[in-house]
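Just so you know, the protein sequences line up as chains A and B, in that order.
Residue 60 in the numbering used here is what sits at position 60 of the first sequence, and the numbering runs on without skipping anything.
Residue 74 in the numbering used here is what sits at position 74 of the second sequence, and the numbering runs on without skipping anything.
Be aware that one or more of the hints could be misleading.
Claimed, not checked - Straight line, CA to CA, 30 Å or less: simulated DSS-like cross-link-like pairs of lysine-lysine: (1) K153(B) / K170(B); (2) K57(B) / K111(B); (3) K227(B) / K5(B); (4) K156(A) / K153(B); (5) K227(B) / K199(B); (6) K16(B) / K51(B); (7) K108(B) / K156(A); (8) K82(B) / K217(A); (9) K217(A) / K111(B); (10) K217(A) / K38(A); (11) K156(A) / K170(B); (12) K111(B) / K156(A); (13) K156(A) / K67(B); (14) K38(A) / K5(B).
Unchecked claim - Some residues of chain A that are not near chain B, with every Cβ distance over 10 Å (derived): (15) F183; (16) A245; (17) A265.
Hints listed in this document are in silico derivations from the structure and should not be mistaken for laboratory results.
Values in this document were obtained by computation on a predicted structure and should not be read as measured data.
Cβ coordinates follow ideal geometry from the N, Cα and C atoms, glycine included.
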Amino acid sequence: MISVLKEMFAYSFLVRAMVVGLLVSLCSSLLGVSLVLKRYSMIGDGLSHVGFGSLAVASALNIAPLAVSVPVVVLAAFLLLRVSESRKIMGDASIALVSTSSLAIGVAVISLTTGMNTDVCNFLFGTILGLSKDDVKLSIVLAIIVLTLYGLFYNKIFAVTFDEAFAKATGVQVWLYNMLLAFLTAITIALGMRMMGSLLITSLIIFPPLTSMRLCKKFSSVTICSALLSVCCYFIGVVISFVYAMPSGASVVLVNIAAFLAFSAIQALPGRKAAEQQN
Amino acid sequence: MPLIKCEDAAFAYDGKIAASNLNFAVSEGDYLSIVGENGSGKSTLAKGLLKLKSPYKGTVSTGDGLKQNQIGYLPQQSAAQKDFPASAYEVVLSGRLSSRGLSPFYSKADKAIVEENIASLGIGPIRNRCYRELSGGQQQRVLLARALCSSTKLLLLDEPVAGLDPSVTKELYSIIESLNKERGIAIVMVSHDIHAAIKYSSHILHMNNEQLYYGDAEGYINSDIGKAFMGLKEAL
């Protein structure tokens, strides 16, 4: 095991993927708690497809991928949030509309320029090879911004997540915090997309919170547990991806599925149910 | 100077008037029940009082030292809350948010107020329990404690007993009554329960997309509209 890790970290691209990935999984798991509880999970999914489109356009134009995808995804996040709030019924349809359109644009751009090749596969399912040193620096800065803002606004994010009506009545600018959530999510998705792939990045947002909600009873413990889980699953996932030469996105998701099943099994244990009822 | 006052106020959705002709005031120690049929504009008025909806015409003003964000609000529960992982304590604590302003964390004074309200509503034993595992009555108490954390003057309760069984309903009404009588907190309650409204409140506001009656509860019992509405409810 240790020799595998030594071998892994001899490659500098793997160290970079690990650093960026761990930061992204930390951010995404924290934001995910609110997104899942607010029923915004599909916005995350829509954003990752927008990310794919912008990544394809960026590589066709030979621009640094993050420089294009971060602003485009942030813009899309605001748009999706507005749409899903203003017309509740059409919300999910419009998300599907946006995500399929950007997927189509991405595929069209790629096939017109480089042709359908392994790049496309990497965009969709993730690779640990794609990060430059500048990407790492940018990722660290953005991750620090996400974590700081989340920490500072934790109490308000809780209030807005639990009860928008009450939060509004007590003078909290609910739309501002919804925008903040969307903004932070967009940055996180743009950062994580290349390691996880645009089809799989949403799992980083959804799995850790859902898994920790199996067992945790407090918002604070759900948040902490989901952060820890996410980081561990990413680490194990990347090691597996290295050992078995799998796309990193897929192996991280597999580890997350295993964690989810394990937590669900513990929740379903008969002894636990009885203890809960006694309380 | 009353705590909150509506002068010739009207509220509209998409240009359609949902509640109009509203003239009433709530002062310290009052207990006002807002009654009426479904879709008669009760909840719209509640939103208007909270300034979540601005009046189409007329004014809604707060006074007597009550700031707009100091109305303790008990909203109707949303579906998302039913499976929300949060402890009762976390929910109550979030009631102090309005006092925080820009400061990101709660102070010791905030936590002391939270403890007081947890004690006064008797939710100490369930403070660390998960909100989604509490019974309907317990959840309402937790939300009431949260509302008390954000206001010491006025509580606005939107159908607080909806979906509760009769004994729990009675218990909740007596808690609200004691808050009103002993602590002098003004209560504004949107309600379906006309009999409880008459029994507990000092004032009644009856609406059907406009104000049909406003005055004290005794006057309402003897008014034509009151008789008609109570008779209707009994016939159902």
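Status of each hint after checking the structure:
Our distance criterion of 30 Å between C-alpha atoms is met by K153(B) and K170(B), whose separation comes to about 23 Å. A hinted pair counts as satisfied when its Cα atoms are at most 30 Å apart, and K57(B) with K111(B) does not qualify at roughly 40 Å. For the hint pairing K227(B) with K5(B), the CA-to-CA distance comes to about 27 Å; that is within 30 Å, so the pair holds. A hinted pair counts as satisfied when its Cα atoms are at most 30 Å apart, and K156(A) with K153(B) qualifies at roughly 23 Å.
For the hint pairing K227(B) with K199(B), the CA-to-CA distance comes to about 15 Å; that is within 30 Å, so the pair holds. At roughly 18 Å between alpha-carbon atoms, K16(B) and K51(B) fall within 30 Å of each other, so this suggested pair holds. For the proposed pair K108(B) and K156(A), the alpha carbon gap of about 17 Å is at most 30 Å, so the pair holds. Restraint check for K82(B) and K217(A): satisfied, since their Cα atoms lie roughly 13 Å apart, inside the 30 Å limit.
Between K217(A) and K111(B) the alpha-carbon distance is near 20 Å, which keeps this suggested pair within the 30 Å criterion. With a C-alpha separation of about 17 Å, the suggested pair K217(A) and K38(A) falls inside the 30 Å cut-off, and the hint holds. For the given pair, K156(A) sits about 34 Å from K170(B) by alpha-carbon distance, which is inconsistent with the 30 Å threshold. Between K111(B) and K156(A), the direct Cα distance comes to roughly 16 Å. Compliance with the 30 Å bound is thereby established for this hinted pair.
Distance check on the hinted pair: K156(A) and K67(B) sit about 20 Å apart at the alpha-carbon level, within 30 Å; holds. For a cut-off of 30 Å, the pair hint linking K38(A) to K5(B) is broken: about 34 Å separates their Cα positions. At roughly 17 Å from the closest C-beta of chain B, the C-beta of F183(A) stays outside 10 Å, upholding its exclusion from the interface. With a closest Cβ-Cβ approach of about 38 Å to chain B, A245(A) is found to remain outside the 10 Å limit, as its non-interface label requires.
The non-interface label for A265(A) is consistent with chain B: the shortest C-beta to C-beta separation is roughly 19 Å, beyond 10 Å.
Of the numbered hints stated above, those contradicted by the structure are hints 2, 11 and 14, listed in ascending order.
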